[in-house]
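Sequences and hints are given; from them, build the entire structure.
Heads up: the protein sequence lines correspond to chains U and B, in order.
The numbering of the first sequence is the numbering used here, which starts it at 1 and goes up by one.
The numbering of the second sequence is the numbering used here, which starts it at 1 and goes up by one.
By construction, these hints were calculated from the structure, which means they are not laboratory data.
Glycine is no exception: its CB is placed at the ideal position from the N, C-alpha and C atoms.
Take these hints with a grain of salt, some might be off.
Said to hold, decoys possible - Simulated crosslink set (DSSO-like; lysine-lysine; CA at most 30 angstroms straight-line):
hint : chain 1 : residue 1 : chain 2 : residue 2
1    : U       : 61        : B       : 412
2    : B       : 380       : U       : 109
3    : U       : 131       : U       : 55
4    : U       : 330       : B       : 134
5    : B       : 132       : U       : 147
6    : U       : 36        : U       : 85
7    : B       : 415       : U       : 69
8    : B       : 296       : U       : 69
9    : B       : 132       : U       : 299
10   : U       : 137       : B       : 296
11   : B       : 334       : U       : 423
12   : B       : 342       : U       : 61
13   : U       : 299       : B       : 168
14   : B       : 9         : U       : 69
15   : U       : 145       : B       : 342
16   : B       : 429       : U       : 423
17   : U       : 137       : B       : 142
18   : B       : 9         : U       : 330
19   : B       : 312       : B       : 346
20   : B       : 312       : B       : 241
21   : B       : 168       : U       : 61
As the list claims (entries may be wrong) - Using C-beta positions, here's what the derived DEER-type ranges look like:
hint : chain 1 : residue 1 : chain 2 : residue 2 : range
22   : U       : 349       : B       : 7         : 42 to 52 angstroms
23   : U       : 5         : B       : 416       : 53 to 63 angstroms
24   : B       : 76        : U       : 340       : 23 to 33 angstroms
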Amino acid sequence: MDEKTVELFEGISLHFIHTERFKTDFIAIFMFDNLKRETVTMNALIPAVLRRGTKNMPTMKDINISLEKNYGSVLDASSDKIGDKQALQFYITSINNQYTFTNEDLLSKNMDLLCDIILEPKLENGVFDNKYVEQEKETLRELIKSKINNKGSYANIRCVEEMCKNEPYGLYKFGYEEDLANITSENLYRQYDNIMSTSEIHIYVSGDVNEKEVIDKLKNRFEKIKRNYDATRIEEFKANEVAEPKIVMESQDVTQGKLVIGYRVINHDVLEDMYPLIVYSAILGGTPSSKLFQNVREKASLAYTTRSSYLKHKGIVLISAGIEIDNFQKALDLINVQVEDMKNGNFSEEDMNDAKISLENAYESYLDEQTSIINLYMGQRLLGNVQSIPEMIKNMKDVTKEEVMRVAKELQCEIIYFLKNDKEMES
Amino acid sequence: MTIEKLNEKMYRKHLKNGLEVILMPKKGAIKSYAVFATHFGSINHKFVPLGEENLLTVPDGVAHFLEHKLFEQEDGVNALDKLSKIGANANAYTTFNHTAYLFECTQNFDEALEILLHFVQNPYLTKENVEKEKGIIGQEIKMYDDDPDWQLFFGFLNCLYNEHAITKDIAGTVESIAEITPEILYKCYNTFYDLSNMVLCVVGDFDEEKVLSIIENNVKNENEKEKIHRENDKVEEGINKKRAEKVMDISMPMFMLGFKDDFLKQMINVGFDYENSELVKRHVAIEIIFEMLIGKSTELYEDLYNSGLIQKELGSDYTFEENYAYSSITGESKNVELVIQKILNKLREMKENGIDENELERIKKMLYGEYVFLFNDVSKIGSIVVSDYFKGVNSFDYVDWYRNIQKEDVEKVLKEHFDETKMAVSIVKPQ
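So this is what it looks like as C-alpha cells:
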C-alpha cells in the first residue's frame with residue numbers, strides 16, 4: 001500500500017493509496033502553514049467557518065442532510081499542530097459504492113461536497129458570512145477553555161507550553177481567547193485566501209477507486225482557484241539553546257497528581273535520530289515490558305498509567321505518570337533511575353527485541369487502518385522523507401544498542417511539570 | 001452454523017465443555033484479533049460459589065480486580081509481557097456484566113492465541129501479588145474520580161437506579177478493594193471462569209479449521225456445567241430520583257438526560273437467542289428517534305447551535321443488558337436548563353405528530369452506512385460481536401433492521417419508551 005503521487009498543479013499534489021481492504025473510501029486534504037501567534041487562532045477558525053455553509057448548501061443543515069443521504073458520510077474540518085507547523089485538514093469518508101442499496105456513486109458526490117466546502121464557501125459581500133464567523137469564534141472560545149476538562153492531556157499541553165515558551169511549538173493548537181476579538185470576516189477571509197493561493201496542498205485518496213476519474217474531477221475543481229504558490233512559505237524553525245531544567249507546579253481540584261517531564265534531544269537530526277529515539281522510547285515507556293511500566297507501575301505500584309512518547313517532528317521526549325500527590329518525589333526519583341539506566345546502557349538485547357517486535361506490529365497495523373496510514377504518510381512528508389511500511393520496519397530493526405545509548409545521552413531534561421491540588425502535599 | 005452479511009461471515013460452534021466459539025474470517029486483513037470473555041462483571045456481586053450452597057456477597061470491584069490479576073502467572077512472567085514479547089498488543093476490560101481479555105497482532109497469531117487461552121485458564125493469586133495490585137487500582141480509581149464524563153455517567157445511573165449494583169463504580173472504591181483477598185478472588189474465578197460461562201471470538205485472515213483445532217487443543221476437556229446460581233439485582237420499578245448535581249474543575253456545565261427502560265420485564269438470556277431480534281429492532285428505533293430529535297440535520301440542532309446554546313453535537317446512546325436498560329442524551333451548555341427544555345418540547349411534539357417518512361428513509365440509510373463503517377476493523381468487529389453476545393442479540397440483525405424498520409415500529413417505541421416519569425438528569429458544573 002505505497003502512495004502514488006500525481007502533481008495536479010504547482011504545489012498541489014494528489015496521493016493515491018490504493019487498497020481493496022476497506023468497506024470505505026477516504027479523501028483527506030491538508031494545507032500547511034507556519035505555526036505563529038499571529039495566525040494560529042485564525043487558522044484554527046477557518047475550517048470551522050468553512051464547515052458552516054457553501055454557495056450551494058448555505059446552512060449546516062443543508063450539508064448534514066447531504067451527508068445523511070450519502071449513507072452517513074462523515075465530514076470533518078479541523079486544524080492540528082505538527083511540530084512547528086499548523087495543518088488545516090479536511091476529511092470525507094463514505095462506504096464504498098458496492099455497499100449502497102442501488103450502486104450509487106458516493107465517491108464522486110463526496111469529492112464535490114468536500115471541494116465545495118474548501119473552495120466555495122458561503123460569502124457575503126465578498127468575504128465570509130459575518131454571522132458564521134461570530135458564532136464560530138464563540139465555539140472556538142469554548143473549545144480553547146475546555147482544555148482543562150481532561151486532566152491528563154491538560155498536563156501534557158501545559159508541560160509543552162512551559163517548555164517551548166519561546167518557540168512556535170509552545171502555542172496551543174486551537175489558539176487564544178484574547179486573539180478572537182480582533183478577528184473579523186474580512187481579515188479571516190484574507191488569511192483563507194492567502195492560504196488557498198500560496199500554501200502547499202496535499203490530497204490523499206484511499207480506497208478502491210478509479211484514479212482517472214478522481215484526477216479529472218479534482219483537476220477540474222482546483223483549476224478554478226487563483227494560485228500564486230509560494231514554495232518558501234514554510235520556514236524552518238531552529239530551537240534556542242537548551243534551557244536549565246525548571247519545575248512548574250499547578251493546582252486544580254484534582255484527586256490524582258499528573259506528572260509530566262519534558263526532555264529535549266540536543267541537536268536533533270530527525271533523519272539520523274528518529275529510529276533510535278523510537279526504539280529508545282519504546283524500551284523506556286512504550287510497552288508493558290518497558291522500564292516505566294515494569295518499575296513505576298508493576299514493581300512500585302505508584303501509577304496506573306505511565307509512559308513515554310517521542311515527538312519526532314520536534315525532537316522532544318515526554319514522560320508522564322498519574323500518581324498519588326504525595327508520591328511526587330518518589331515517582332520522580334524512580335523515573336530518573338530509568339532515564340539514567342537508558343544512558344548507561346542498562347538494558348538488554350532482549351529489551352531491544354521486545355521493543356522492536358512491538359513496533360513492527362504497530363507499523364504493520366497501520367495497513368489495516370485507513371486514517372492512520374494517511375496521517376503517517378502526511379507526517380512523513382512534513383519531515384521530507386516518505387517511507388513505505390516495509391522500509392520503516394527495516395530502518396527500525398537496524399537500530400543498534402549503541403545508537404539507542406547515543407540518543408539517550410542527548411536527552412536533556414528541561415521541565416518537570418506537576419498538576420496537583422492545594423489541599424494535599426505540603427512541600 | 002454460519003451466517004453471512006456485508007461480505008462477512010460468522011461461524012459459530014458450541015464446544016462440549018460449554019465454550020461458545022465465534023470465528024469471523026476476514027480475507028486480506030493484516031491484523032488478527034481474539035477476545036476471550038466471561039459472563040462476570042461488576043454487577044455479579046451475589047452468587048453461590050462453585051461447590052457451595054450458600055449465597056456469597058463479594059466486595060465491589062472484585063471482577064475488575066480479577067481482570068488485573070489474571071495476567072500474573074506462576075512462572076513469574078506476566079502474560080501481558082509474554083504477549084508483548086511476541087508482538088501481540090494485549091489488553092483487558094471489565095464492564096457491568098462481562099470481563100474480556102484480548103489481543104491484536106500482525107504475526108505469531110497461533111502462539112498468541114495459545115498464551116491467551118492458557119493464562120485465562122490458569123490463575124496464580126498470592127497474598128503478595130494481590131496486595132501489590134491495590135496501589136495500581138487505587139490510582140486507576142482516582143483517575144476516574146477526576147474524569148468529568150465518568151462522574152456525570154454515574155450521577156445519572158444513581159438517578160435511575162436505587163439499590164442496583166449498576167450504581168457502583170466498576171473498579172469499586174479504595175475502601176472496598178482493601179477487603180479483597182486471594183480466597184475471594186479464587187471463589188469468583190472458580191465459579192465464573194468455567195468454560196460453560198465463556199465465549200471466544202476470533203477475527204482475521206485465517207483458516208477456520210486450523211484455528212478451531214488450536215482452540216480445542218488448548219481448552220480444558222470437561223463437561224458443560226449447570227447454570228451458575230447468581231442473585232442478580234431485580235429490575236427496579238420506576239426511578240430513584242429526578243436529578244443529580246456535582247461540581248468539578250471544568251470549563252462548562254455538562255448534562256446527561258435519559259429515560260429508564262422497563263421494557264425488560266424479565267432478564268435477557270445471554271448468548272445468541274434469535275427471539276431477541278425484537279431487542280435489536282427496539283435499539284434501532286431509539287437510534288432513529290434520537291437522530292430525528294437532536295441529530296445534526298434537525299431544526300433543533302441548528303437552533304441550539306446558532307443561538308450559542310451548544311458548541312458541539314449532542315451525544316446519544318441506548319444501553320440494554322441482562323437486567324437494566326436506559327437511553328441517554330449528553331451535551332455541554334452554558335444554559336443546560338434551557339437546552340433540556342427545548343429537547344423535551346420537541347420530543348412532546350414528535351410524540352403528538354408522529355414522524356416524517358422521508359426523513360425516516362434518509363436516517364435509515366445513514367445508520368446503515370455508519371454500521372458498515374465498523375466492519376473495516378477486526379478489533380471493532382470482535383468487540384461488537386462479543387458485546388452483542390452478552391446482550392443476547394446477533395450483530396447482523398442490525399443490518400436488516402436498518403433497512404426494514406417501519407414508521408409504525410418507530411412511533412410505537414417513541415410513545416412507549418420516552419416516558420417523562422422515568423426521566424432523570426445528571427449535571428456536572430464548573431466551580
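For each hint, the structure was consulted:
1. U/61 x B/412: Distance of about 27 angstroms is within 30 angstroms: holds.
2. B/380 x U/109: holds (27 angstroms)
3. U/131 x U/55: Holds, at roughly 15 angstroms.
4. U/330 x B/134: Roughly 18 angstroms separates the two Cα atoms, so the pair holds.
5. B/132 x U/147: Violated, because 34 angstroms separates the two Cα atoms, which is more than 30 angstroms.
6. U/36 x U/85: Since the Cα atoms of residue 36 of chain U and residue 85 of chain U sit roughly 8 angstroms apart, the hinted pair holds (cutoff 30 angstroms).
7. B/415 x U/69: holds (27 angstroms)
8. B/296 x U/69: Since the Cα atoms of residue 296 of chain B and residue 69 of chain U sit roughly 13 angstroms apart, the hinted pair holds (cutoff 30 angstroms).
9. B/132 x U/299: holds (8 angstroms)
10. U/137 x B/296: holds (20 angstroms)
11. B/334 x U/423: holds (29 angstroms)
12. B/342 x U/61: Holds, at roughly 18 angstroms.
13. U/299 x B/168: Since the Cα atoms of residue 299 of chain U and residue 168 of chain B sit roughly 29 angstroms apart, the hinted pair holds (cutoff 30 angstroms).
14. B/9 x U/69: Distance ~28 angstroms between residue 9 of chain B and residue 69 of chain U Cα, so the pair holds.
15. U/145 x B/342: holds (25 angstroms)
16. B/429 x U/423: Cα-Cα ~21 angstroms, so holds.
17. U/137 x B/142: Violated: residue 137 of chain U and residue 142 of chain B sit about 35 angstroms apart, past 30 angstroms.
18. B/9 x U/330: Not satisfied, since the Cα-Cα distance of roughly 52 angstroms exceeds 30 angstroms.
19. B/312 x B/346: Satisfied, since the Cα-Cα distance of roughly 19 angstroms is no more than 30 angstroms.
20. B/312 x B/241: holds (28 angstroms)
21. B/168 x U/61: violated (40 angstroms)
22. U/349 x B/7: 42 to 52 angstroms: holds (44 angstroms)
23. U/5 x B/416: 53 to 63 angstroms: holds (56 angstroms)
24. B/76 x U/340: 23 to 33 angstroms: holds (26 angstroms)
Violated hints for the displayed structure, listed by number in ascending order: 5, 17, 18, 21.
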